[in-house]
Amino acid sequence: DAKTTQPPSMDCAEGRAANLPCNHSTISGNEYVYWYRQIHSQGPQYIIHGLKNNETNEMASLIITEDRKSSTLILPHATLRDTAVYYCIVWKTTGNTGKLIFGQGTTLQVKP
Amino acid sequence: GAVVSQHPSWVICKSGTSVKIECRSLDFQATTMFWYRQFPKQSLMLMATSNEGSKATYEQGVEKDKFLINHASLTLSTLTVTSAHPEDSSFYICSAQGRETQYFGPGTRLLVL
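Chains as they are written, first to last, in this note's numbering: chain U, 1 to 112; chain L, 1001 to 1113.
What the hints contain is simulated information worked out from the structure, not anything from laboratory work.
C-beta: ideal position from N, C-alpha, C; glycine also.
Take these hints with a grain of salt, some might be off.
To be verified - The calculated DSSO-like cross-link candidates involving lysine-lysine, where the alpha carbons are at most 30 Å apart (straight line), are: (1) U:99 with L:1066; (2) L:1014 with U:3; (3) L:1066 with U:69; (4) U:92 with L:1041; (5) L:1020 with U:99; (6) U:3 with L:1041; (7) U:52 with L:1066; (8) L:1041 with L:1064.
To be verified - Derived list of chain U stretches under chain L, where covered just means 3 residues or more per stretch with a C-beta under 8 Å from a C-beta of chain L: (9) 9-16; (10) 63-69.
Claimed, not checked - A few chain L residues that don't get close to chain U, going by computed Cβ distances all over 10 Å: (11) 1011; (12) 1028; (13) 1080; (14) 1086; (15) 1095; (16) 1100; (17) 1105; (18) 1112.
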C-alpha cells in the first residue's frame, strides 16, 4: 500500500474549519483514501473515504486533488471534542480484506 | 454505524499468566478481523489478521505462539497473550471488516506486573 505524509500537529480555533492535509504521491489507481481519527485512549473512528471524487458526510468533507496525489480532510466547524490524532491511510480494498497500515497521523488540537 | 466491542476494557495481571481478550462485532458479521497493538505516544501496529474458520496471519516479528488468535465465529475473535511479561503491557485494539471499511473496538489496556 502507498505511504502517506501528514504534518505531525496542527492547531485550530473552536468553531473554525480545520483543514488537515495529506500527501500520497505514490497512490495507485485502485487505492482509496481513508481517514480515521483516534481520540485519546479510544479505538480509531472511521470518518470518511473516497477514490477520486470529493466526498461529504455528517462528520467531514474530503477533497482529493485531480491527480490524486494529495487530499484534505475538512472539519467545517471544529469543536473541542474534535481534538484527536487524525490518520490518512491509502488502502486497497480488493476483496475488502486489505490491511490498514497506520502512519503517525496529525495531532489536531482544537483550542477555545 | 457498525459496532465492535472488546472485553475486558482493561486488565491487570501478574507476569507469567495468560490473558484473553475478546472482540465482537455486534450488528454485523465479519469474516475478517484484525488485531493491533499501540504503545504510548505511538501509532497502531498491526499484529495479525484473523480469518473465520482458518489460521490467523501474523505480521513479521509477531510471535504466533505468544499471541494466540482464534476466530471461531463470524462475530467473535479472541486474542490470548500467553505467559505475559511487563513488556507486553500495551493497548490492544481489534477491528472488524465491514462492507467498505474497518470498524474498531474501544481497545483493551493490559498491564502486566
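Status of each hint after checking the structure:
no., hint, result
1, U:99 with L:1066, "holds, 21 Å"
2, L:1014 with U:3, "violated, 39 Å"
3, L:1066 with U:69, "violated, 40 Å"
4, U:92 with L:1041, "holds, 27 Å"
5, L:1020 with U:99, "holds, 23 Å"
6, U:3 with L:1041, "holds, 20 Å"
7, U:52 with L:1066, "violated, 42 Å"
8, L:1041 with L:1064, "holds, 25 Å"
9, 9-16, "violated (count 0)"
10, 63-69, "violated (count 0)"
11, 1011, "holds, 15 Å"
12, 1028, "holds, 12 Å"
13, 1080, "holds, 20 Å"
14, 1086, "holds, 20 Å"
15, 1095, "violated, 7 Å"
16, 1100, "violated, 7 Å"
17, 1105, "violated, 5 Å"
18, 1112, "holds, 18 Å"
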